[in-house]
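Protein chains: 2
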Amino acid sequence: MEELTEYTQYLESRISEIDFDREPRNLFDPLRYFLALGGKRMRPMLTILSGSIFDLPREESIHAALCIELFHNFSLIHDDIMDEAPVRRGKATVHTKWNSNIAILSGDVLFVEAYQQLAKYADARLPLLLKRFNETAIEVCQGQQLDMDFESRKDVTELEYIEMIRLKTSVLLGCALEFGAILANQDEETRSSLYQFGVSLGIAFQIQDDILDLYGDPELFGKQVGGDILSNKKTLLFLKAKKLAAQQGDSRFDDLLKMEPAKDKIEFAKVLFEEIGARNNTLEVMDSYYQSAMQNLKNLEEKGLKVSPLFKLSAYLMNRNV
Amino acid sequence: MEELTEYTQYLESRISEIDFDREPRNLFDPLRYFLALGGKRMRPMLTILSGSIFDLPREESIHAALCIELFHNFSLIHDDIMDEAPVRRGKATVHTKWNSNIAILSGDVLFVEAYQQLAKYADARLPLLLKRFNETAIEVCQGQQLDMDFESRKDVTELEYIEMIRLKTSVLLGCALEFGAILANQDEETRSSLYQFGVSLGIAFQIQDDILDLYGDPELFGKQVGGDILSNKKTLLFLKAKKLAAQQGDSRFDDLLKMEPAKDKIEFAKVLFEEIGARNNTLEVMDSYYQSAMQNLKNLEEKGLKVSPLFKLSAYLMNRNV
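Those protein sequence lines, which keep their order, are chains W and S.
Position one of the first sequence corresponds to residue 1 (my numbering), numbered consecutively onward.
Position one of the second sequence corresponds to residue 1 (my numbering), numbered consecutively onward.
Calculated cross-link-like contacts (lysine-lysine; reagent style BS3-like; alpha-carbon spacing at most 25 Å):
hint, chain 1, residue 1, chain 2, residue 2
1, S, K223, S, K270
2, S, K131, W, K131
3, W, K40, W, K223
4, S, K263, S, K243
5, S, K131, W, K120
6, S, K97, S, K40
7, W, K270, W, K258
8, S, K265, S, K223
9, S, K120, W, K120
10, S, K120, W, K131
11, W, K243, W, K258
12, S, K270, S, K154
Calculated directly from the structure, the hints in this document are not laboratory data.
From a predicted model like this one, the values you see are computed outputs, not experimental measurements.
Please model the complete structure; the sequences and the hints are all you need to start from.
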């Protein structure tokens, strides 16, 4: 994936060039700090790759890519306040390093900076870009609210969970991909295929993330393993296990809920979810979304579009150390 | 001001038609609640009036007007969290009635709703609208950050204070007015005159607000009188009094700072600021910005534009029960 490495370096370089050396310091210093924490830059990469299908130079799609990345970081800064998360990518979150007020306000500014990147396309493409971006931004907020609502609910269904992750994380991938097509003045069918590809890939990716949270290699996963289990988070894996335990009359799921948040709880869940079939069932759902994403790509390929970089990126994203 | 009453009713009606009857309830109910709290609707009124100068029907300028009003309400919801304000317009603030997380997230959604109003102008005017709006939104955040920074600073100057209120409150009035000119495809000179008129009027209006905070009629002012004095807020009135006291060797200003926040502190400040000349000096500064605003209107009038509704609105705003 040499191509990706080169794009990542390009993205890092362009992100570092964004001018956050501005006053008041308490408003912009947190942004420079947070953007420098890194990340996979997967979302802006999707915009660049999507544009490249239509021979759009990366210098042309970069502002849309940066819009997506800045928006993503804005949502992380605000989510971290709401989730009371002390650490992000191994460093203190903005509200921890500064305070909540500064995190709210610098987040707000970052949101506007995302729109400023979009405003650089001051031509006939702007209305479509803005419409898609607005709709996506509202959906991401809806997803975050549902995620918070689910914490206190006991009757969350699998479909509700999928809808929540579709809104919270997947539509932004769809938006990132559709941006490339909008910038290249593609018709609605092409735009829609890329959008749907992104949404399905995003759902598959998030379900994989939930599985990795329990079964991932701690050293490779980069996050604490088992965090979801310790907090009884209602992921698809958890909901599948709950349903299967009820069907099989297996009381171990109730035992799990009562366990103190400690290492043996994680080990207990790993064995239980495997034996009860929850891991496999979840992998099947993940795969169905992945196949759906691939079908969208194949449709585009049949139209003669050069989508091979997106096939490669998908495989790269979904084969990471399961 | 019959014309204004009619416009206000029109605005109220259009605001009430915005669809906040959406899921999740915790995200949209706070918006319906907050928008229904009312307010003068002065900002969207400026957009409608500005458009009317160029014979733009209000049905054409309404979305830009709503964009301004929604943005204003977004900023109030987030500011109320930061200021820990329990009450707004006599009712509980969003973070008090719900919680801070819901206030952050529903504020974020309202911000996007503002952009969605703008996106309704899906034509050649959109780039200019978006650019002005983005710049304004960033400046409003800068102003709010400066306001918070000033709380812990002892060396705030009069110029810094004016710059803070220019950013925090006045540029939005300028933006509201320029929107009308952009929508009517006016040249840069006309747009700029309207923008500058709004900024100067906004500064005059805010300084008047600071004076009314101490000298206003409690029943007519609608807010607690003396709030700024009780918290030693560094308004222009306060900074003028500080400077004049130092020049005149009057130790009463230091006495004021040491007083407990109670009713006699407010009475003490009223007398002191009057006797020391701070009230008059502040009124002079206010008037200079008001005259500057009027000059911008006169320039537009000389170009043959029908700016009389803006003269009327300015007089109406600045003669309110001083």
